[in-house]
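Here the protein sequences line up with chains A and B, keeping their order.
Counting in the working numbering, the first sequence runs from -19 upward without gaps.
Counting in the working numbering, the second sequence runs from 9 upward without gaps.
The set of hints was computed from the structure by calculation and includes no laboratory data.
Wrong hints could be hidden among the right ones.
DEER-style ranges, computed between Cβ atoms [claimed, not checked]:
| no. | chain 1 | residue 1 | chain 2 | residue 2 | range |
| --- | --- | --- | --- | --- | --- |
| 1 | B | Lys257 | A | Lys82 | 50 to 56 Å |
| 2 | B | Trp323 | A | Asn144 | 34 to 40 Å |
| 3 | B | Trp323 | A | Asp146 | 36 to 42 Å |
| 4 | B | Ile229 | A | Ala84 | 21 to 27 Å |
| 5 | B | Phe131 | A | Ala84 | 58 to 64 Å |
| 6 | B | Ile229 | A | Asn(-12) | 53 to 59 Å |
| 7 | A | Asn144 | B | Lys257 | 56 to 62 Å |
| 8 | B | Ile322 | A | Ser37 | 31 to 37 Å |
| 9 | B | Glu231 | A | Asn(-12) | 34 to 40 Å |
| 10 | A | Ala114 | B | Ile322 | 23 to 29 Å |
| 11 | A | Ala84 | B | Val148 | 25 to 31 Å |
| 12 | A | Ala114 | B | Leu123 | 46 to 52 Å |
What the simulated footprint calls covered on chain B by chain A, stretch by stretch (three residues with Cβ under 8 Å from a Cβ of chain A suffice, anywhere in the stretch; the number is not a length) [claimed, not checked]:
| no. | stretch |
| --- | --- |
| 13 | 232 to 240 |
| 14 | 254 to 267 |
A virtual CB, placed ideally from N, CA and C, is assigned to each residue, including glycine.
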Amino acid sequence: MAGLKLTNVAKTYGGSVEVLKDINLDIQQGELIVFVGPSGCGKSTLLRMIAGLEKISDGALEIDGQLVNDVPPAQRGIAMVFQSYALYPHMTVRDNMAFALKIAKKPKDEINTIVEKTAEMLQLTPYLDRLPKALSGGQRQRVAIGRSIVRDPKVYLFDEPLSNLDAALRVATRIEIARLKERMPDRTMIYVTHDQVEAMTLASRIVVLANKGIAQVGTPLELYETPQNEFVAQFIGSPSMNLLRGEIIGTGAQTRIKLLDGRYILSDVPTTEEDLGLTVNVGIRPEDFVLSDENGAYCGTVDITEALGEVTLVYFKVDTLADGAEPIVAKLPGVQKDLRGTRVCLTAAPEKVHVFHEGQSLLYRNR
Amino acid sequence: MSPLLQGVVMILIGLSGCIGYFYVSNFVLDKIIFPPKLDDQGRNINRANLVRPWLFLLPALLLLSLYLIYPVVGSFYRSLFNRANTEFVGLANYGALWNDSGFRTALYNNFLWVLVVPAASTFMGLLVAQLTDKLSWGNVAKSLIFMPMAISFVGASLIWRFVYAVDPNIGIINALRDTVGLSPMDPLQLPFWNNFFLMVILVWIQTGFAMVILSAALRGIPEDTIEAAVIDGAKPRQIFFRIKVPQIKGTIMVVWTTITITVLKVFDIVYAMTGGNFKTEILPSYMMDYMFRDDGRATAVAFVIMILVLPVMIWNISNARKEMR
């Protein structure tokens, strides 16, 4: 089993600057784990610690059940694809891919066979004798991927591999990586990105990093449907989940919440009697809003609409919202041309309403 | 008028002359030759912009070529005449050079210098640059190694005279010999090897130069190519020779050729250390031996040196231009 296990892993610089702490993570063989998080959250640092490019300040990293904290990168059975491709500029594509094998003193014929097979798989055969500078960005990234494939590592590490590509190429390469994963289901991959679309589409599980630690680990849909805290709730999904203040006035299998303007909303999040009177944040995703009559939960004036064709983003100011506060955003189907300046009322189905207390989801607390 | 004042006045006259030239020529170009008027506006502005660089650069180019080309032609012309500059002798001076064993020794020694000094300096510079790269006190070490660059060749030679001194109380080589009970000797009179003792001085000076340039080049290597090599399993030595050095090959060539050109011009070291005796003569010092005594012969040597430097120079410039791209 080529899994990874991180136990209380921490990273400090110069003994005082703490970047990551108490990272506990169990990665199974064959998973594609995506690290996401805002810039500066330490996701690349964590990846580089797994690669062995950064020292692990504290805790234990096990690959395949073996403690590798002090094992040099080359012997960890990993390969890494860098954001900037990191191709050797003075070597041809062939030599770039063969470098690791040459260092490992593999026989020449074997190297040639592996390189040519990999090149064919990545459609790089016509470029084998070119230098990296004569390739396009997408081709370069494919060479970088090829360079890790030839080593046949147990764990693939991707450090924002698509960030330097333009939008169209990014989608194409993303699909290529997904195919690559499919072709080797027993290989573990760890993928760092700040792009949530990449995370949602590629990951078997996503690790959301924030505030020096892990905010939540789960499958993409788990994170989307049942975020553990406000951070994950707002980080996953675009536009972000709306949060509005309210007070619990009815508990049980369903929770009844009174909003600031005196309106009510029901949530499927179960609560106990102790929660009565608790001040909470009600979270509703823009796409979960539906238009309703005056009995709706949120009523207000439409500020701006953004028509995206298949949907319209409607920014509206709830009656009780203080001046200057972020407007609530709803994603309504189709084109909603004439909403601007009008008064609308919206509501959401109880199963779509999230409830957070002090940043944490009540759903998880009460489980 | 005191000479100081004279100098200042001349500088002022020169400067205002230059500024005046640029101003007036620019005015003439813009207002009189190609005035941006009515229907010709755009075209005339473009024309003026085409002419302007030539207008501004021409005086400098002319003066430069005058002072570069005239001496070359003049030297060659002078080398065709006899010692007293009274009689045209054709290529006789060159023939005499070829038949002179002193010249052949100088040529041979110079060949050794060109072979050894650039290679040794570049190699040492690269070594120092790499070793000091990640060191906290690396900059101090680099400053110390760069220091000899600031010393004139003659000054450096004087310092090394002490190193090579025969007296064991002064010279380090003889001090070492003394401690193991060997009698003192003069390193500079040791046939063949004395050339290398002289080369050491230039290597000592040029290592700093190579180090500074190569250190900057090493810093310019993308860090992630090195990290990729680490992950690929390369050992530090393999990373250095297979990842780093190839990436700064262009810079290494520029440093190498620049030092080669320096080597072909250096005469001070030989002149100050041995005066060209004990078979340590090289071309520039050989030339100095004849200068003012037989200018025909000296200019012939100068011309030979120029012919030798030229291809290196061209190669150097083309390398440097490639680097800049």
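Status of each hint after checking the structure:
no., hint, result
1, B:Lys257 with A:Lys82: 50 to 56 Å, "19 Å, violated"
2, B:Trp323 with A:Asn144: 34 to 40 Å, "36 Å, holds"
3, B:Trp323 with A:Asp146: 36 to 42 Å, "40 Å, holds"
4, B:Ile229 with A:Ala84: 21 to 27 Å, "23 Å, holds"
5, B:Phe131 with A:Ala84: 58 to 64 Å, "29 Å, violated"
6, B:Ile229 with A:Asn(-12): 53 to 59 Å, "36 Å, violated"
7, A:Asn144 with B:Lys257: 56 to 62 Å, "26 Å, violated"
8, B:Ile322 with A:Ser37: 31 to 37 Å, "55 Å, violated"
9, B:Glu231 with A:Asn(-12): 34 to 40 Å, "29 Å, violated"
10, A:Ala114 with B:Ile322: 23 to 29 Å, "27 Å, holds"
11, A:Ala84 with B:Val148: 25 to 31 Å, "39 Å, violated"
12, A:Ala114 with B:Leu123: 46 to 52 Å, "36 Å, violated"
13, 232 to 240, "holds (count 8)"
14, 254 to 267, "holds (count 3)"
Violated hints for the displayed structure, listed by number in ascending order: 1, 5, 6, 7, 8, 9, 11, 12.
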